[in-house]
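**Q** Below are the chains, spelled out letter by letter.
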Amino acid sequence: MLEISELRKRFAGGPDAPGGKVALDGVGFSVRPGEMYGFVGANGAGKTTTMRIVMGVLQADSGSVSWQGRPLDYDARRRFGYMPEERGLYQKMRVAEQIEYFGRLHGLSAPAAHKATEELMERLGVAERRNEAVQALSLGNQQRVQLAVALVHDPEVLVLDEPFSGLDPIAVDALAGTLQERCRGGVPVIFSSHQLDLVERLCDAVGIVARGRMVASGTVAELRAAESDTLRVVVRDPAPGWADGLPGTVTVNGDRHVLRTTSADDQEVLRRAIKAGRVEHFGVEQPTLTEIFKEAVA
Amino acid sequence: MNGVMLVARREVATQIRTKGFVIGLLVTALVVAAVSFAPKLMDRPDSYTIGTVNSERLPLDRAAPEAKFEWKEFADEATARQAVLDGDVDAVVVGGTKVLADGQLDDELGVLLQSVNREVKLGAAGVSIPPLQMETVGEDARYDSARTGIAVVLVLVLFMLIIGQVSMVAMGVVEEKGSRIVEILLSSIRPWQLLAGKIIGLGVLGLINLVVILGVGLGAAAASGIAADFPPGIGGLVVGVLVWFVLGYAFFATLSAAFASLVSRQEEVGSVITPLTMTIMVTYFVAFYATTDATGTLATVMSYIPPFSSMVMPVRMAATEVPLWQVAASMAAMLVAVLAVLSFGAGVYRRAVLRTGARLKLTEVLRAG
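Top to bottom, those sequences are chains A and B.
The numbering used here applies: residue 3 is where the first sequence begins, and numbers increase by one.
The numbering used here applies: residue 2 is where the second sequence begins, and numbers increase by one.
Simulated from the structure, these hints should not be mistaken for laboratory data.
Where a beta carbon is used, it is the ideal one built from N, C-alpha and C, also for glycine.
Watch out, some of these pointers could steer you wrong.
Among chain B residues calculated to face chain A with C-beta under 10 Å, some are [what the hints assert, rightly or not]:
| hint | residue |
| --- | --- |
| 1 | Asn3 |
| 2 | Ile17 |
| 3 | Ser56 |
| 4 | Arg58 |
| 5 | Pro60 |
| 6 | Leu61 |
| 7 | Arg63 |
| 8 | Ala65 |
| 9 | Glu67 |
| 10 | Gln115 |
| 11 | Ile182 |
| 12 | Ser188 |
| 13 | Ile209 |
| 14 | Val212 |
| 15 | Val213 |
| 16 | Gln327 |
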């Protein structure tokens, strides 16, 4: 299990912020093997800082990161796969050489690095580009190569900062499929994203960070449970004032009245609705991640 | 160590394939070959065409065995005069008593004609003068000009290679820092491994350049025959130059990497390594001055002070005989300086290379300890 606890980080102040800026104020969560963890938050909330601390690129002022019960050190990090926020590849180096090179740096033998590179290029659909310089590739293909670099040494943990940003739906599926494969193989995967529908679709667990603090963390179901479900009723051409006294809001859309309520007694609502007019819809709606997110960071 | 070798190999493999490297190497090889042949082409033996009117051919060959003389006979002075004006002959000896020339007669030829004429006439009168015996009381100066020439070329080659490779190091460091490749690299290897690999890789490329230059130079010198004028001990000099290149390069490249790690954009590389390039230039100027006065106080003192010694000592070694202990002492001092710079540079690099963004101040990085 990857455990991140109580990370705090303050950046030294510049002319615009003499007192410094608090980037992290006690961020902590844990990711189990085989779990895909979505890390969401507004811009500047502290996602990248957290990931950079996990990868040892930044030092936290306090707090700890541990993997399999031991504080994360250099040797353990070597077995992690990392995709930084700002993409880093040698622009003039060829695709296959580049992936192999990073495999070798992570300690693979030459044949093992070669084999892993071939498989990944095939899997990610960049095999025909093997001999092209990275700078000649489209953004989407560069991102695939970047992911290949993070995966080439068959990492124990994946830490990916915005892996899906700027990709078309087909590339998103290719990347997501590869990540899910690794995840099923028992690898904990953390990724940050602003595409909440994607996070909701892919992730087993989600952490929401705002202004350097964790405001919510858990499985999507747990986060939903924390929010009350919304009862949504649509009544056509009801008698006026049918919903008076019920908690919730009524919006009128032509001759359709839509009642949304989280606290009213559903049976009472149903009786009143049937009496008032034709009930077209009566159902409980689970909040989307977007709603949970907006609620959490508000 | 494996990480260092992987990084170094990548540097060599990527650079050696670029057009810039291949063309650069070919051009240097051509220039060096041309320089090695040039003295033979320019320094051709003197050759004179001399006419006679009613005169004996003077035995000029005996007095000047290296020059070539061609003789032409003219029937009368008028045709001879015309031949001089047309430039067909350099001079015409008339009746064994006067010499015709167009304007001023070539100095050497004039002296030669006068002295041989005097000798011949005296000989005819039965007077023989034994030639003066030449004896040197100073140092053997036969190789002085060859030595100076070699020193000038060597110091230029060292300067060009060091400044070229040192800026490659700086650009490479910023390429990795600016594009954040360094974040991925440093999750798999240590900062010192990345630094050492880059410096070694680009150093190997510099050495390849240097070996090609020395090889082509010596080969061309042997082919053109000027190698015969080389002073003894050229082999030792070649080895010395290779060692001095490694020491000088290690010193400047480490500082270059450290300074470059303070900035994140290629546009800032030039300004951040300016103090360093200035130091390399000053080193070169001192060394170049030393070629003109290799035994002077300045050259002698500077040949012990790092990093100036990395170019001044090879100049002294080329231009004069330097006792081995002096070379060893100077190399030891330079080695100490290189080790000091390595520990300082690696520290700065380690602290600065992940701090992307605005240009960092050296003091700030050192304080951050």
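**Q** Give a verdict on every hint.
**A** Status of each hint after checking the structure:
1. Asn3: Interface hint status for asparagine 3(B): holds (8 Å vs cutoff 10 Å).
2. Ile17: Violated. Min distance 13 Å.
3. Ser56: violated, 76 Å
4. Arg58: For arginine 58(B), the interface hint is violated, since the closest Cβ of chain A sits about 71 Å away, which is over 10 Å.
5. Pro60: violated, 71 Å
6. Leu61: Constraint on leucine 61(B) not satisfied, violated at 66 Å.
7. Arg63: Status violated, d = 68 Å.
8. Ala65: violated, 62 Å
9. Glu67: violated, 56 Å
10. Gln115: violated, 71 Å
11. Ile182: holds, 4 Å
12. Ser188: The hint holds - serine 188(B) has a Cβ within 10 Å of chain A, the shortest such distance being about 5 Å.
13. Ile209: violated, 20 Å
14. Val212: violated, 26 Å
15. Val213: violated, 24 Å
16. Gln327: violated, 44 Å
Consistency note: the structure conflicts with the earlier hints numbered 2, 3, 4, 5, 6, 7, 8, 9, 10, 13, 14, 15, 16.
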